[in-house]
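Enquirer: Given these sequences and hints, build the entire structure.
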Amino acid sequence: MSALAVVEPTHTTGESGLSRILWFLKDVFVLSRRSLVHVIRDPAQLADVTIQPIMFVVLFTFVFGSAIHLPGGGNYHEYVVAGIFGITMGGAAPGVAVGLANDIQSGIIDRFRSLPMSRGAVLAGRLTADLLTACLGLLVVVAVGLAVGWRVHTAPQDVAAGFALALLFNYAMSWAGAAAGLWLHNPESAQAMAFVVFFPMIFVSNAFVALQNMPVWLRVIAEWNPLSTVTASCRELFGNPNPGASVHVWPLQHPELATIFWAIALMLVFVPISIGLYRRENLT
Amino acid sequence: MGEPPAILVEGLVKVYGKTRAVDGLDLEVAKGSLVAVLGPNGAGKTTLIRILATLAKPSGGRAMVAGCDVASHPAQVRRSIGIAGQSESIDEYLTGRQNLVMVGELSRLPGSEAKHRATNLLVRFELTEAADRPTKTYSGGMRRKLDLAASMITQPEVLFLDEPTTGLDPRARMGMWQLIRELGEAGTTILLTTQYLDEADQLAHNIAVVDSGKVIAWGSPNQLKTQVGGAVLEVTLPESADLEEAAALLRRDLSKSVTVDQRRYKLTLPSTEQTGLATRVIRTLDAGGVLVDDVTVRRPALDDVFMTLTGHGAEEAGEDAA
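Protein sequences appear in the order of chains A and B.
For the first sequence, my numbering begins at 23 and goes up steadily by one.
For the second sequence, my numbering begins at 264 and goes up steadily by one.
Quick caveat, the hints were computed from the structure, so don't treat them as lab data.
Don't be surprised by glycine CBs; every beta carbon is placed ideally from N, CA and C.
Just the calculated beta-carbon pair ranges, DEER-fashion:
| no. | chain 1 | residue 1 | chain 2 | residue 2 | range |
| --- | --- | --- | --- | --- | --- |
| 1 | A | Pro294 | B | Gly305 | 32 to 42 Å |
| 2 | B | Arg562 | A | Leu44 | 57 to 67 Å |
| 3 | A | Leu44 | B | Pro267 | 32 to 42 Å |
| 4 | A | Pro294 | B | Lys399 | 29 to 39 Å |
| 5 | A | Leu44 | B | Glu445 | 32 to 42 Å |
| 6 | A | Arg302 | B | Glu445 | 31 to 41 Å |
| 7 | A | Met77 | B | Gln465 | 56 to 66 Å |
| 8 | B | Thr400 | A | Ala267 | 47 to 57 Å |
| 9 | A | Ala177 | B | Ser335 | 56 to 66 Å |
| 10 | A | Val219 | B | Pro267 | 50 to 60 Å |
| 11 | A | Met77 | B | Thr400 | 25 to 35 Å |
Facing chain A, a subset of chain B residues (Cβ under 7 Å, in silico):
| no. | residue |
| --- | --- |
| 12 | Ala316 |
| 13 | Ala319 |
| 14 | Arg341 |
| 15 | Arg342 |
| 16 | Ser350 |
| 17 | Ser352 |
| 18 | Asp354 |
| 19 | Met365 |
Some chain B residues judged to face chain A by a derived CB distance under 7 Å, without partners named:
| no. | residue |
| --- | --- |
| 20 | Leu318 |
| 21 | Ile346 |
| 22 | Tyr356 |
| 23 | Leu357 |
| 24 | Glu368 |
| 25 | Leu369 |
| 26 | Ser370 |
| 27 | Pro397 |
Expert: Below, the structure is given as structure tokens:
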């Protein structure tokens, strides 16, 4: 778990490494519980893993679906659900950004920093809670997908691998969201920025339409878009129509590897940035 | 004086870009005492508190809290302190009780102990009725009290209060003062910042007046007032009286400087150590045939202290420094 990297070196306390890790885990538990209470008190915060995927599924199966024809045929309902998986997992990043920005503005991060707790637990707690809500999102998409006729046609371990890749993508995107939230430290800007980055990421991808018909410059971006690679991975691992498989570019030929590569790359960039920003003296 | 001080600050400097927010500040706070850091906005009060609470690193000098250096041993310092203030650090979605328990658990109290202390604090701070409501629904005064309660859950040795009553209505302010007094009487060392002169006067054993990042005066409220000058004697005459003539009488017989306030029919004399001034004033005026309505001794308010020491008035310090 990469979050362990955040544990503060203990040059001052005489605690053993093990007891520090246990305290860290307890702090992460206390703070994830806090984030989950937020969600219970304000269920609107869950819209991006509940209402939004349902809306997308309904919109793209029943409204636009009949107008979209996949290259080489194939059932569009089965095609689009994997795209909604990808969107729902990536969509966690704006939530993390807004949540952290709120915490900075409310001053509660300063309270945490004045307590004798693990400093890294604040970020790790937020990301853990986010991973749990992502699991809820996964269940919602599965349920609504099954309702509109989506099915998996592969072995259980392949399906599990698809879900695992989706969650890995979610976790990496959450770090990007954390960096944005810490950098902007203003919920409104975080929301605006998330929209500006996330909206093109959704639509310049293979989530809703096959890439074959895009102009070349846009298609290259879409082919390398991590949202496309995670979506293509899910399609392949669930046995759903995957027209991208006939496109001879590396990320679409090896979508699972490309997704893992993207996740590592995102974390290599955004974990240090987030930690660096979090350690700044003045967060505002 | 064998006991080491709870807070010791020596030549503390904090530079933000080109601004020297704290500029060679010295301060010593004895264990169990209540000290107010009084100064206008931008004097460096909040920066001082942030450094002492390990939220900011000093650029120079030294600060010790509860025997530990804040720069080199922040983790130890965090175990001995509580901090509360103007920007309440509470979670809006959690209930009051959940806020306290969370802070307790993050401070490494066992869950049961955190719950127990939370209940006690809620009773003591009169928040029991609202305890299980999300703090979003709290009034400003309740939020401030909960914030203070959260900072007390570890029963810290040293408590920092950054402008604890700024923005509160008069009633909530009185309630806050009472709580702060009680915490001080129970033995907690308290360092509070304020721009309200009466707040420092009411609560603190000692006051450090700060301006431009330095302590420019230090002492008990009374010492500071004396430092500025003694009391004055105000004599009120009836409307029919000739103020100038009465003033001349006093100048001649008592060889005192007398200020005349025509609008309020008042004569003002500096009241030095010499006793019996009031009696002599009345006698002199009576002999001159002048009736006296009222004689009052007025001690200088901290407003005067502030004005004298900083060269700018208290009005500049806060919007309503009453």
